[in-house]
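Read top to bottom, the protein sequences are chains R and Z.
All residue numbers for the first sequence refer to the numbering used here, where the first residue is 1 and numbers rise by one.
All residue numbers for the second sequence refer to the numbering used here, where the first residue is 1 and numbers rise by one.
Errors might be hidden in some of the hints.
Since copy identity is lost for identical chains, a pair holds within one copy or between any two.
20 angstroms max Cα-Cα, derived SDA-like pairs, lysine to any residue [claimed, not checked]: (1) K59 x N175; (2) K273 x D286; (3) K137 x A329; (4) K273 x Q178; (5) K176 x E50; (6) K176 x S67; (7) K273 x T138; (8) K176 x S70; (9) K157 x N183; (10) K307 x I285; (11) K228 x D304; (12) K59 x P332; (13) K307 x E344; (14) K260 x V343; (15) K257 x E42; (16) K59 x Q178; (17) K134 x F86.
Simulated from the structure, these hints should not be mistaken for laboratory data.
Protein chains: 2
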Amino acid sequence: MTENKRNSEPIDLSQGFSCPLPITEHDTVQLAHGSGGRMMAELIDKMIVETFKNDILIKMEDQASLSVDSNNIVFTTDSFVVDPIFFPGGNIGELAVNGTVNDICMNGAIPKYISVSFILEEGLSLLEFYEIVKSIKTAADNANVAIVTGDTKVVDKGSCDKIFINTAGIGTLKNKSQISSSNLQPGDRIIVSGTIADHGMAIMTSREGLSFVSKIESDTAALNGLVKLMTDVSANIHAMRDPTRGGVAATLNEFAKQSKMGIKLYSDKIPIKDSVRGACEILGIDPLFVANEGKLVAVVSSEDSDKLLSEMRKNPLGKDAEIIGEVVADHPGVVVKKTLLGVEQIVDLPLGEQLPRIC
Amino acid sequence: MTENKRNSEPIDLSQGFSCPLPITEHDTVQLAHGSGGRMMAELIDKMIVETFKNDILIKMEDQASLSVDSNNIVFTTDSFVVDPIFFPGGNIGELAVNGTVNDICMNGAIPKYISVSFILEEGLSLLEFYEIVKSIKTAADNANVAIVTGDTKVVDKGSCDKIFINTAGIGTLKNKSQISSSNLQPGDRIIVSGTIADHGMAIMTSREGLSFVSKIESDTAALNGLVKLMTDVSANIHAMRDPTRGGVAATLNEFAKQSKMGIKLYSDKIPIKDSVRGACEILGIDPLFVANEGKLVAVVSSEDSDKLLSEMRKNPLGKDAEIIGEVVADHPGVVVKKTLLGVEQIVDLPLGEQLPRIC
Numbered sequence: 001m002t003e004n005k006r007n008s009e010p011i012d013l014s015q016g017f018s019c020p021l022p023i024t025e026h027d028t029v030q031l032a033h034g035s036g037g038r039m040m041a042e043l044i045d046k047m048i049v050e051t052f053k054n055d056i057l058i059k060m061e062d063q064a065s066l067s068v069d070s071n072n073i074v075f076t077t078d079s080f081v082v083d084p085i086f087f088p089g090g091n092i093g094e095l096a097v098n099g100t101v102n103d104i105c106m107n108g109a110i111p112k113y114i115s116v117s118f119i120l121e122e123g124l125s126l127l128e129f130y131e132i133v134k135s136i137k138t139a140a141d142n143a144n145v146a147i148v149t150g151d152t153k154v155v156d157k158g159s160c161d162k163i164f165i166n167t168a169g170i171g172t173l174k175n176k177s178q179i180s181s182s183n184l185q186p187g188d189r190i191i192v193s194g195t196i197a198d199h200g201m202a203i204m205t206s207r208e209g210l211s212f213v214s215k216i217e218s219d220t221a222a223l224n225g226l227v228k229l230m231t232d233v234s235a236n237i238h239a240m241r242d243p244t245r246g247g248v249a250a251t252l253n254e255f256a257k258q259s260k261m262g263i264k265l266y267s268d269k270i271p272i273k274d275s276v277r278g279a280c281e282i283l284g285i286d287p288l289f290v291a292n293e294g295k296l297v298a299v300v301s302s303e304d305s306d307k308l309l310s311e312m313r314k315n316p317l318g319k320d321a322e323i324i325g326e327v328v329a330d331h332p333g334v335v336v337k338k339t340l341l342g343v344e345q346i347v348d349l350p351l352g353e354q355l356p357r358i359c
Numbered sequence: 001m002t003e004n005k006r007n008s009e010p011i012d013l014s015q016g017f018s019c020p021l022p023i024t025e026h027d028t029v030q031l032a033h034g035s036g037g038r039m040m041a042e043l044i045d046k047m048i049v050e051t052f053k054n055d056i057l058i059k060m061e062d063q064a065s066l067s068v069d070s071n072n073i074v075f076t077t078d079s080f081v082v083d084p085i086f087f088p089g090g091n092i093g094e095l096a097v098n099g100t101v102n103d104i105c106m107n108g109a110i111p112k113y114i115s116v117s118f119i120l121e122e123g124l125s126l127l128e129f130y131e132i133v134k135s136i137k138t139a140a141d142n143a144n145v146a147i148v149t150g151d152t153k154v155v156d157k158g159s160c161d162k163i164f165i166n167t168a169g170i171g172t173l174k175n176k177s178q179i180s181s182s183n184l185q186p187g188d189r190i191i192v193s194g195t196i197a198d199h200g201m202a203i204m205t206s207r208e209g210l211s212f213v214s215k216i217e218s219d220t221a222a223l224n225g226l227v228k229l230m231t232d233v234s235a236n237i238h239a240m241r242d243p244t245r246g247g248v249a250a251t252l253n254e255f256a257k258q259s260k261m262g263i264k265l266y267s268d269k270i271p272i273k274d275s276v277r278g279a280c281e282i283l284g285i286d287p288l289f290v291a292n293e294g295k296l297v298a299v300v301s302s303e304d305s306d307k308l309l310s311e312m313r314k315n316p317l318g319k320d321a322e323i324i325g326e327v328v329a330d331h332p333g334v335v336v337k338k339t340l341l342g343v344e345q346i347v348d349l350p351l352g353e354q355l356p357r358i359c
């Protein structure tokens, strides 16, 4: 069986895991899979390139030659170290694709190309690895991006935790984007695209082995479809970001600081699933600080906010969207919320929270 | 003192290491440096963005908006896990920049932008980290590329080995490139830009604690200047690649297989430093299979080969360049060399070699 050094729930390899190499469930990644020899060539050809294949990747050059339809491109990168690598609602592979797709589209760009770079620990199950590779392909197809270049490194056992994945991505912009975290205007409305804290609490409860009545699942999803719909409806989206590490609170604090504006949150409007709220209460965590992986926060002019909200709700990824606050000229750089007692409370950035390896 | 779990030579922190945060040499990376809070913001602002700063990065968006001067771009990525992280002739930071710059320029593209993504182990010395950050900046400046986006993750102690770095890069191409590893023609000459096996043997001897009379240093360098000079001189470069993992042997095998051509090596023409040859002999390693990080292998039409060679030799990074072989129509897909006894021997790809974490 594979080792599950950190996973609280061992992966059941009988659940249809498969692999194109002639291996058994005991077979694992070896150092030689990373050292430039024949074993590496076989792993890359049969497991990775064959799964991801497209006209560009198949050329197997060290760099991908791409055509872009604009002179304005966007570029982003993220490394993923989530623990456990398989969690309720997803795995590290699809998370790595969706995270980078979301970073690209948050300023209105169209995601086109991504790179995928693996760091594998000697001893990782080849079946688990291949499952992740297949998830990456599915996520890329769903997000309509092509995987065009990549890299695979193997480190000795104990030098990484199973698998880390870096994705970088390129998107194109028709015109220079006006969407920027320094662009908030007084009176703007804050919209969140759905329930908050799902991803972070899925990881937390799975890692801690907590079982609640209703299982909490990660919200990992590619948001480029939703963003396209939003930018088609409104030319007055001033800022947009996916609230991952640090949650909605961190995103709004960055917006407030970079725009030198204040933000007032409507606490009772923030969408959250009952199961997630319950888990947060038990663990003593404020859901505003918990990571999301399939949600966005948009800041939009007040005139466009209702129209935008109703359009967003027509999309499955925006069906629970809500207006959760507004931009004010008072208290620049500071986010406040009204408590249930009607007192205004500052929503600050935490010094450092206790949710490592959430993504 | 910092831990040096794997380095055979501990880093001497008295040698001018410094840091913009108010820290001592005992201060290390904490999990909170990666969790989206204030400690993370401070690490990123003061140590990373302040060092790398440019107009694009300083906007601190999740994606960089870039202007490119062509609709043909190239895109590449590499993760770096080299052990030790400081080695004779360089460190993991400059290696990460040079490696990606080299992958971009190998088809004639001009490297423009790179991303830098860190995975840090809890407990890494902040002084060592900052030294690496500064090396990245210096290497990027030397290669004339802008660092425009990035990411920082921290994992718990024992879940990675000090620091892993991923870089992705974007370059532009004036016209579609004709340089491709499937483009070899019979009669073409094989040129290597300088002495082989320096990087791999620098890592090996440093890791094994072997001390030779003359210290072996890594050749890590950005080759885009040399490539620009080469593509200006000859329009008949058919293939080009930097022979990293697997060395010159792996690169030539890939060329031969993808072009369905044979390659004949002139064994006595392959440039190698005496110290490196000596170390290879002692360790029983064939230098053809050892990684280089500042060399390229070019395949060029025979008419252009002498002209190209003499131009290359005018550049410091090409001063030891040699013609080391030719492309033949016989034995497609196979690389051969003549031994000292005059016997032809196949230079095959190794199954998997024993040089993990060379880059």
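Violated constraints from the hint list, given by number and in increasing order: Those not satisfied are hints 3, 4, 5, 7, 9, 10, 13 and 14.
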